[in-house]
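Engineer: Sequence:
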Amino acid sequence: FPLSRIMWEGPAEELNDTRNTQPALVVHSIAALRVLQSHLPDFQPAFMAGHSLGELSALIAAGSMPFPEGLRLTRARGEAMHAAGGGQGGMAAILGMDIPTLEAICQEASTADERVEIANDNCPGQVVISGHKNALARAMALAQEQGARRVVPLVVSVAAHSYLMAPAQDAFNRALEATPIQAPRVPVIGNIHAQPLRTADDVRADLHAQLTHRVRWTESVGYMLAQGVTTFVEVGTGNVLIGLVKRIDRKTTRLTCGTPEDIATLTSA
8 FPLSRIMWEG
18 PAEELNDTRN
28 TQPALVVHSI
38 AALRVLQSHL
48 PDFQPAFMAG
58 HSLGELSALI
68 AAGSMPFPEG
78 LRLTRARGEA
88 MHAAGGGQGG
98 MAAILGMDIP
108 TLEAICQEAS
118 TADERVEIAN
128 DNCPGQVVIS
138 GHKNALARAM
148 ALAQEQGARR
158 VVPLVVSVAA
168 HSYLMAPAQD
178 AFNRALEATP
188 IQAPRVPVIG
198 NIHAQPLRTA
208 DDVRADLHAQ
218 LTHRVRWTES
228 VGYMLAQGVT
238 TFVEVGTGNV
248 LIGLVKRIDR
258 KTTRLTCGTP
268 EDIATLTSA
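The numbering used here numbers the first residue of the sequence shown as 8 and each following residue consecutively.
Treat the hints with care, as some may be off.
Said to hold, decoys possible - The calculated label-pair distances, taken between Cβ atoms and stated as ranges, are:
no., residue 1, residue 2, range
1, Val159, Ala53, 33 to 39 angstroms
2, Val159, Pro48, 38 to 44 angstroms
3, Pro107, Pro267, 40 to 46 angstroms
4, Pro160, Ala233, 30 to 36 angstroms
5, Val162, Gly70, 34 to 40 angstroms
6, Arg254, Pro160, 20 to 26 angstroms
7, Ser275, Pro160, 41 to 47 angstroms
If you are wondering where the hints come from, they were derived from the structure by calculation, not from laboratory data. Owing to the predicted nature of the structure, the values given are computational and were not obtained by experimental measurement. Glycine included, each C-beta is placed from N, C-alpha and C at the ideal position.
Make a model of the complete structure from these sequences and hints.
Structural biologist: Listed below in structure tokens is the structure:
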């Protein structure tokens, strides 16, 4: 598929199609990393991690899968999620509420046929829930009643990281089985358990359930902090993740690597 043309020329609506957005984000992340490595050949992170889709970028960067095969797997992920977006689900950000309280709210709002669950534990006080739109509405109302600072419905077409992604996970897993995987050269902190993926089996097990399980970002950062990590470099588009790191631990050093200006700053330090 003509990804480079879409990235350079658009149109925007074609780039914003998740089947193209996901590979484009991975390409940008890996390109930024390659430029950084060309300027700083001794750059060697202690760990790598990625949030949701970013886990694939991290695994490619860590050498767990070749770039072409990793990009094909990313495309398959986007296609699977696009096909699963049947309008039944949604997502919402809940601000100012802790995980145990939200877990109880999700349990209360769920029924046998309509469930809602925590999708992203981004940082203390910022959690995303996902699931059937009826259960989601009930959970949002309960969160407001029980003191959430803000409840923000997200403009998305899929209920990512929820049980509604099971068909997408099945389709993704078929592509995963055809993808060569090896042990990462650098430990990658997996989304599901917030523990390092060190073997090919670790990687497959984590990806095999990634679309239907919670992204444990707070715990992932916490693990790296506990191992003595003090500097975090966000490679790719934007600075959302280092913003989350700041909210988890303000004492960290946080850098971005996604633009020529970022590269110049990093290499002149």
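Engineer: Each hint: holds or not?
Structural biologist: Taking the hints in turn, this is what the structure says about them:
1. Val159 <-> Ala53: 33 to 39 angstroms: About 34 angstroms separates the Cβ atoms of Val159 and Ala53, which means 33 to 39 angstroms holds.
2. Val159 <-> Pro48: 38 to 44 angstroms: holds, 43 angstroms
3. Pro107 <-> Pro267: 40 to 46 angstroms: holds, 44 angstroms
4. Pro160 <-> Ala233: 30 to 36 angstroms: holds, 34 angstroms
5. Val162 <-> Gly70: 34 to 40 angstroms: The hint (34 to 40 angstroms, Cβ to Cβ) holds, given that Val162 and Gly70 are roughly 36 angstroms apart.
6. Arg254 <-> Pro160: 20 to 26 angstroms: holds, 22 angstroms
7. Ser275 <-> Pro160: 41 to 47 angstroms: holds, 43 angstroms
Checked against the numbered hints above, the structure violates none of them.
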